[in-house]
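Colleague: What follows is the residue order along each chain.
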Amino acid sequence: MTRLGRVVRAVWPPLVFGIAFLALWEAAVNVFDWKPYFLPKPSSIWTQFTDNLSSIRAAVAVSGANALVGLLCGTALGVAMSFLLMRFRLLNDMLSPLAVGLNAIPIFVLVAVFNNMFAITSEIPRRLMVTLVVYFIVLINVAKGLRQVESTHVELLRSYAASPTQVLVKARIPNAVPYLFTALTIAAPVAVITAFVSEYFGGTQNGLGSRITSNMTANTAAAWAYVLGACLLGLAFYLVSVLLERLITQHRGGSPGGGTT
Amino acid sequence: MEASERAVQVSGVSKVFNPGTPRQVDALVDVELTVAPGEFVTLIGPSGCGKSTLLRLIASLIEPTTGTITVNGKPAGRARLDQEYGMAFQQAGLFDWRSVVKNVELPLELKGWDKAKRRERALDMLALVKLADFAEHRPWQLSGGMQQRVAIARALAAHPPLLLMDEPFGALDEMTREHMQAELLRICADTDTSVVFVTHSIPEAVYLSRRVVVMSRRPGTISHVIDVDLGAHRDVDTREDAGFYKKVTEVREALRGHEVDKSLMATGGEDR
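Sequence order for the protein chains is W and R. So for the first sequence, the numbering used here puts the first residue at 13; every next one is plus one. So for the second sequence, the numbering used here puts the first residue at 8; every next one is plus one.
Honestly, the hints are just simulated from the structure, not real lab data. Source: prediction; values computed, not measured. Each residue gets a CB set at the ideal place from its N, CA and C atoms; glycine is no exception. One or more of the hints may lead you astray.
[Said to hold, decoys possible] Output of the computed footprint for chain R on chain W, the stretches with three or more beta carbons under 8 angstroms from beta carbons of chain R:
#1 160-167
#2 180-187
[What the hints assert, rightly or not] Quick list of simulated restraints, FRET-style, between CB atoms:
#3 W:Phe130 - R:His144: 25 to 33 angstroms
#4 R:His207 - W:Pro25: 27 to 35 angstroms
#5 W:Val112 - R:Gly27: 52 to 60 angstroms
#6 W:Arg101 - R:Glu127: 52 to 60 angstroms
#7 W:Arg159 - R:Thr73: 46 to 54 angstroms
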């Protein structure tokens with residue numbers, strides 16, 4: 013099959029399904045005469061989307077910037093910390109259970125605490141929140157990649173009289189790279205969601221999250237238009253991270269430990 | 008033979024794991040073993056007899072509890088630092104993120120060779136294992152047998168006088184395995200390398216070795232040393248030779264000897 017043929021084959025089922033779903037939605041609202049506050053029609057959401065495009069774009073830029081800054085900072089911190097934990101066993105034993113435990117509780121509420129620390133107009137609390145959430149995802153995955161090196165590789169390098177630094181550079185870091193990109197595909201959408209949800213806890217009402225809530229009662233279709241913007245933003249983050257992962261694994265031939273031709 | 012002329016000298020070596028704890032294991036007791044330069048010695052025995060432990064002791068990946076080990080006349084630890092041996096395992100252990108030729112270059116890289124020199128050597132080694140055309144391939148594009156050949160090329164890249172192999176063909180199918188055995192003998196003859204080889208397979212041990220060292224377990228000791236006088240040149244016909252069968256039987260008897268002893272001990276301990 014040609015490349016184009018494959019793309020067409022992969023694209024048409026979800027496309028047909030999507031269109032059918034929207035048509036059914038539109039028809040259901042008409043037939044059952046649902047009120048707009050209950051569920052607006054896709055067509056009116058689309059009208060709201062195009063009418064409010066500039067303000068949606070502004071809101072996307074605010075939330076997107078928060079998510080991106082948090083994602084980058086969290087990744088940098090997570091990678092740095094995983095190296096420290098690798099290097100210092102005691103630190104690892106002290107902090108690892110803590111990291112896992114913290115990750116299990118809904119730490120969104122910390123935004124309220126951060127909001128108290130900074131000026132009311134500051135974006136820092138939200139970025140901090142995203143950073144924190146991303147940090148744990150990256151830390152846990154990269155630390156795993158650094159540690160779970162094939163025992164044959166470690167023995168081989170020891171037989172070559174390799175120093176711990178050489179083992180790190182030749183085996184541990186390359187082994188951890190796919191783990192990092194897997195972490196990013198998980199963290200990217202989570203970063204976007206965290207950026208929205210953080211806006212529910214006060215601060216400047218300029219992002220997608222606060223626009224959705226503020227429009228929900230007065231103009232539900234507009235709120236849904238912002239939801240659409242949020243979906244597109246999340247999708248963009250996810251696609252970029254998947255693309256990055258794909259590039260890396262293509263270069264190396266498969267996921268960690270895997271191998272496909 | 009002077010100490011410095013021996014490829015490997017193991018004297019009075021014992022190894023105890025977890026000494027002084029309930030999990031204490033006497034892995035090896037009073038092992039004596041000498042390997043002459045260019046000699047091919049196989050360690051064979053039941054699981055848990057300490058043959059892999061002995062190999063790792065020679066490689067200085069672990070330290071003996073008592074006794075001394077020299078490799079090429081040097082203490083084992085020094086020999087490891089000087090890369091006096093190459094090593095291959097059951098898993099080829101290739102690095103997926105490196106091309107085939109870069110995998111072979113790795114030990115030279117760690118020795119600090121410059122780029123052009125190590126590339127040249129690595130390509131020579133790949134030619135030796137008949138994989139010159141696959142230099143730029145990725146390890147996962149090769150079959151299991153080919154991967155193992157790359158691992159052997161890598162183990163020999165620094166031209167060490169000694170090769171330590173831990174069941175390197177254990178995961179291969181029978182046909183590939185026999186082919187690899189023949190290749191290994193050819194390579195070792197070409198490069199004049201001594202080999203200590205751990206295996207579970209009796210025909211493999213007999214086909215490859217000049218001496219088969221039979222080990223028994225609990226505690227791990229050397230029970231028999233069988234000389235295999237089938238000549239230096241061995242090929243497909245060797246496997247069908249009457250002398251080959253005789254040696255296979257001899258090794259099997261030696262291995263079974265302990266099983267009989269052990270079963271006697273077991274029944275002796277039962278109430279009758």
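Colleague: Does 52 to 60 angstroms hold as the CB distance between arginine 101 (chain W) and glutamate 127 (chain R), or does it fail?
Modeller: Since arginine 101 (chain W) and glutamate 127 (chain R) have Cβ atoms about 41 angstroms apart, the given range 52 to 60 angstroms is violated.
Colleague: Taking 46 to 54 angstroms as the stated bounds, is the beta-carbon spacing between arginine 159 (chain W) and threonine 73 (chain R) within them?
Modeller: violated (33 angstroms)
Colleague: Are histidine 207 (chain R) and proline 25 (chain W) spaced within 27 to 35 angstroms by their CB atoms?
Modeller: violated (51 angstroms)
Colleague: Quick check: do three or more residues in the stretch 160-167 of chain W have a beta carbon closer than 8 angstroms to a beta carbon of chain R?
Modeller: holds (count 4)
Colleague: Is the gap between the beta carbons of phenylalanine 130 (chain W) and histidine 144 (chain R) within 25 to 33 angstroms?
Modeller: Cβ of phenylalanine 130 (chain W) to Cβ of histidine 144 (chain R): about 55 angstroms, so the range 25 to 33 angstroms is violated.
Colleague: Cβ-Cβ distance between valine 112 (chain W) and glycine 27 (chain R): within 52 to 60 angstroms?
Modeller: violated (34 angstroms)
Colleague: Are there three or more residues in the stretch 180-187 of chain W whose C-beta lies within less than 8 angstroms of some C-beta in chain R?
Modeller: holds (count 3)
Of the hints listed earlier, those the structure fails to meet are numbers 3, 4, 5, 6 and 7, in rising order.
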